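Two independent chains are provided; combine them into the complex using the hints.
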Amino acid sequence: MSTTKERSAENKVVEFDVRTDEMLVNMGPQHPSTHGVLRLVLRTDGEVVSEVTPHLGYLHRCAEKIGENLTPRQWIPYTDRMDYLAGMSMNLGWSLCVEKLMNLHVPEKARHLRVIIAEMQRIASHLVGMGAYGLDLGSFSPFLYAFREREKILDLFEEACGARLTYSYLTVGGATADLPPGWLQKCEAFLDQFLPVIDEYHALLTTNSIFIKRCAGIGVMSAEMATNYGCSGPVLRGSGVDLDLRRDGEEWYTNMYDGYAFEVIVEKDGHYPNDHVYPGVPPEAVLGDCWHRFYVRMLEVRQAIDLVRQAIDRYSSATDSYGEPVKLNEKLPKGEAYLETEAPRGQMGFYVVSDGSAIPYRARARSSCFCNLSVTSELCRNTLIADIPAIIGSLDIVMGEIDR
Amino acid sequence: MSQYLISHWGWYPPLVYMLMAMLAASLVLLVIAGGSVLFIWMERKVAGRIQDRLGPTRVGGKFGWLQTIADGIKLLSKEDLRPEGADAMLFRIAPYVAFCASYGSFIALPFATGWVGLDINVAVFFVVAVLGLEVFGVILAGYASASKWSLFGAMREAAQVISYEVPLGLCIVIPVMIAGTMDLTKIGNLQSGWFTNWYLFHDPFTFITFFVYYTCALASVNRAPFDLAEAESELVAGFHTEYSGLRWSFFFMAEYGSMFLVSALGSVLFLGGWNGPVPVAAWIFGEHASQLSGVAFVLANVLGLMTFILKAVLGVTVMMWIRWTLPRLRIDQVITTCWKYCTPIAAVMFVGVISWQLMGLPSGGDVLPHHEQGLRRLPGSLRERPFEAGDAVPAANSVGFESEHADRERGQADG
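Chains as they are written, first to last, in this note's numbering: chain S, 6 to 409; chain D, 45 to 459.
Bound conformation, chain D alone (with noise of 0.2 Å):
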């Protein structure tokens, strides 16, 4: 579109893309703020459901859909409190620090094939790592509130987030070693045609990786479980206890941004993303699927934002589902969690799914006729043989290797 303005219309080229930048960030905006507001709502209608309640009723209409912006209302015209002791400016500028990192990795996430805000081919690094940023935000704040409280919080939320990140990397790398690539909208691509394409039922290894990834992106957000950082039975409210108003609301936009972020991340990466269980594309524009253009484009791509939010919607649907369940574990049963079980399963799935490649054994996608998978073989994809005895190092495994070693660097900046 940018093209378009500077060819057709002759406009100043950095101001079209200036604008278009600020068009994409509005967008993004929109989407990670109508995004809580919905998810707020949601969060007090499962649970109310699930507690035998109501939830919401009154504010717009039946099922209570105003809720969430009568509730920004009154934070808004609360008072902005800092406590006396409070390190001012640090103070201030955490729930925004936390509230950028979240939307900051929403610009590298695609919700269908070219809608990104940005489209860059290391998407999957820049999301953990600028999701990986959220951490600051909460440890500025539990240390500026000068609450004993909140310190407490937020040095829980730094030792359980940062030792959950080694999972969590190490569950992201696999389905980038399959694809061999960490451009996202590639990686949502190679899983196109039927559900058994997605890296979910790419062999039994990947399978069980979804469940430590989700469970180590449920600690990485601070949800329960393992809401340790704000358990509000132990720390009050934890790193947020001093906040008030429309500060503390920003620390809330983030988490359930930071919410559909990871679930958003582990459809992408593990549930074929924008792409439905049946290949429909396929079905409607036959062998054309991959290279439409125009209206058809458009409404391919409408189908799979649809169903890649639907994705999303559902894994943060079950983080509701089991923070409204489980009783909360303690700092050393997360930590234990983290290294004793989760880090090692994850590193045996990585080894796993490394000797199901070099051993060509079946993926989910050859249970299925080829002439049914659709788009599955796309220019470009290290799927197109399978891995044979003697061929030169494989691709696919030498950019995982690589991915990992680019994480483990990341960890160490980050610790």
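The following block holds chain S by itself, in its conformation from the complex (with noise of 0.2 Å):
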């Protein structure tokens, strides 16, 4: 550019060559793959996008403000509206955050349902990612595909408990009711049925050739920067980070997967373990790119439909309750406390400090999405537009949850 100008102002004849301008594009926040309201600002050099910066706040409810004026157990609504898609794990962290602070064990009974409940939200939460990525590569079927299988869990979960999509069913001292009868048994002959299904996603997306060519290779995170970004869940595991909350985090959140046998699904020398069951990684595949992400979600699937069967049979062996409610006005303690857990999109963790009245002196949240998104501009820079929806729905990104 330099020389072409310097040539001209010395022959002093004006050159008009092709003058190519950067463009500033708006993605969102009516676009159909930013998941919601995400809005990007692209600098795009034609189909090069060089720099990539995501504006949030558009689905902002003022959640937390709200938790600081109800009763915990009231608070329970606004958690399921956080990560709308997995309304469970939200019931469920907010829920073991305030029992850690009035430090109440929940029975054995409840602890079994609730891990029953979290996997169970796990498979439908991925289900979504998995369609939804299907969907951002241009890949409508498979979407379909997903919906089918988790429409049978939220028909389960409605039995549960009434609702589809915005649950409050697990809450602080166990859950609002008890499994109804006949329950477990849908459950296992769901899972029976599911388990084939999933070979169905793998031979249409993880497998398939375009897929892996618009996926490998692409969105490179290296572990180092899945850390120092704060990524968390499938994310931080498709980088090969070795960590996950339910094996990993604190004992409060761990004794409920306590006994329960499951491996991290996270890559050891270029194998996943299930590795015999599925696909293996294709050669195009660099570890912690946009491919090793998904497959990470759909390997815990697998992880999830084992989990579940497991602590089904716990389950129905416990003679305890299934956890009755604390009051709805009951006092908490003086103090604070905060705790993580391992959501479908990563650690979410919640925070209370209480006064000592029924409600909360401060409740907050800090979301999962809201890191792993925040990798976006760097992994998106010098991509091609048509990488951008395919590094987002990498991610796997709820907008509920980021803005809260």
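No lab work stands behind these hints: they were computed from the structure. Here the structure is a predicted model, which means the values were calculated and not measured. Cβ atoms here follow ideal geometry from the backbone N, Cα and C, with glycine treated the same way. It cannot be assumed that every hint is accurate.
Here chain S is said to cover these stretches of chain D; the calculated rule only asks that three of the stretch's residues, wherever they fall, bring their Cβ under 8 Å from a Cβ of chain S [as the list claims (entries may be wrong)]:
#1 84-98
#2 265-279
#3 370-382
So, in structure tokens, the structure goes:
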């Protein structure tokens, strides 16, 4: 560029070359693949994106402020609306945090019930993540296949608590109600039916050569970068960091999974646990790319099935109660508590401060998606426009949780 | 028919020709409009079935036959929005440009022997050239919309369609070269008889060429996995982001029209066109099958028409199947597919077919005994005898080269 200018200045001739300009493009907040109301400002040079700036706040509903005006049990419905694709996990995170503050131990049966529900929620959430990722890459049908199975999980949830999206089921002290009779059989029947369906998803997406072309080697995030940005969940494990709060978390949380056999889904020496069951890593994929993040999610679905099965056995043999919820206006002990749980999208932390009244002095949430999203501008630098949905989709963000 | 009107009724000839032209045009319009209505319904139904849904079920009885009509009425009643910064005139005419290109190329497409809007001897050339103009409509739409997403869509379309014209042209030249004519009717008739006479089975090279052709055709009509111009997960709706109502539906009509057109063209060039897989006509009418007249001719043609439409619709169905199965490619991958795979393969196939013919190797049609071949050897066919060493320049090849040259010229003109 500069040489052309210099030359034209010397010759006193104005050269009209093809002028290429950078263009600022708004992607969102109304855009099909920004997963809600995320707004990205792209600086593009033709198809190449040189800079991406995410803008947040379009779904801010003052959830945390509301939490300072309601009792913990009353705030449960607001947690549903944070990660609305994994309402149960949000309920669980907040309940556990308040229980930690109150030093309230839930009965054995409630513990297993929570594992069943939380892991079923993980399946449902990853199904949306998987299906929507297909949509982001232009493949429609896997989305419908994913929703078909998710509907069955929602049916089960509806039977358990009466709601399909915002459950408010798990609550401080246990759950609002026990599982209805016959529910476990239906759940087992669903798992039996669902397990072979996962192969369909692998056939349509994971092993599809166009799919591999679109996401292998795209948005590569090193383990160091993932930890630096505070990423968590499948995004972190997709980069090869062996961290899963269900195993490594605080004791208050890991107690829930005491005695459960499960392996953290993370690549070790080029292999994943369960690698023999599902197609292995294609040669094009690089650890930490979109493909790995997607694959970790798919393997976690399989892992969740195993966990639910174990939990169903334990739940049926447990003899105590499902955990009566505490009173709606139960006084909280003075103090504070912070607890992070492994939600489907990563480490969801809740923080509660109490001055001794029934209403918390402070209620805060630490969003996993917020940290996962923060890598966007670094990952999307110098990619093509088509890679942006691929990268954002692989982070599997939910704006409700980010903006709260 | 126009001759009949002029000589028997003494009608004023220009008037007759005009009337006849309008009749032909409206027939073609009916085909494209009816086809689009059918295909949009089919797309929804196919998508529904593939996705484990029912698709439309309410409007017009059990199968939702009238869904597209209902959609059309809805689109008619929509407000015709135009963005503030848009180039008003270009924005308005862009859908019509796209539609006219798709519609115009139907004029030279024969549906059965002699059943063609305009019987021209360079029909292949005409169809491909006019269809190639559709890209102008898209570029205009993208440029005139004053929307960055539309502009992206238009630029992608321009890059993609113009790149794919090259391998597409190469693939089309191959059957033209075998037939030695660019007349679609003749090409179709040369493949009559058993299905082994179809150019698909002419030799191994043409067999591969057909699949390359189909891939390129998918790309040139912007169907998934090459639907980058309207990639909804990236570009919102690409070039037609800002369109609404009837204007938007014209883009759709153009798209479905083009889909039908490329698969119809493929079926004439490779799949025997209106000739069924078995020579039914030859069995019924024996040796006179090629000189039918009157009712027998119409009946045979209706049969041929149905065969032809069936083949073309099958092609369109496969396009839908692909769309609802595969993810979308990225723009660099699309262009790579074109220049690194499709074009070299098509070029190799081209050389392969030339060599096959020069060496006089047996073609698919030679597999079956001659008396079964029915209409195969029409008068004037260049395949009456295999080429022998010492022949003067083989006529077929010279035509082939000519047409390729013409194709290249057209490509430059488009570019």
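Taking a Cβ-Cβ distance under 8 Å as contact, does the region 370-382 of chain D have three or more residues in contact with chain S?
holds (count 8)
Please count how many residues of the region 265-279 of chain D have a CB within 8 Å of a CB from chain S and say whether that reaches 3.
Three-residue rule met by the region 265-279 of chain D, so holds; n is 9.
Outcome, coverage of the region 84-98 of chain D by chain S - at least 3 residues whose beta-carbon is closer than 8 Å to one in that chain:
n = 5 at 8 Å, threshold three: holds.
Going through the hint list in order, the structure satisfies each hint without exception.
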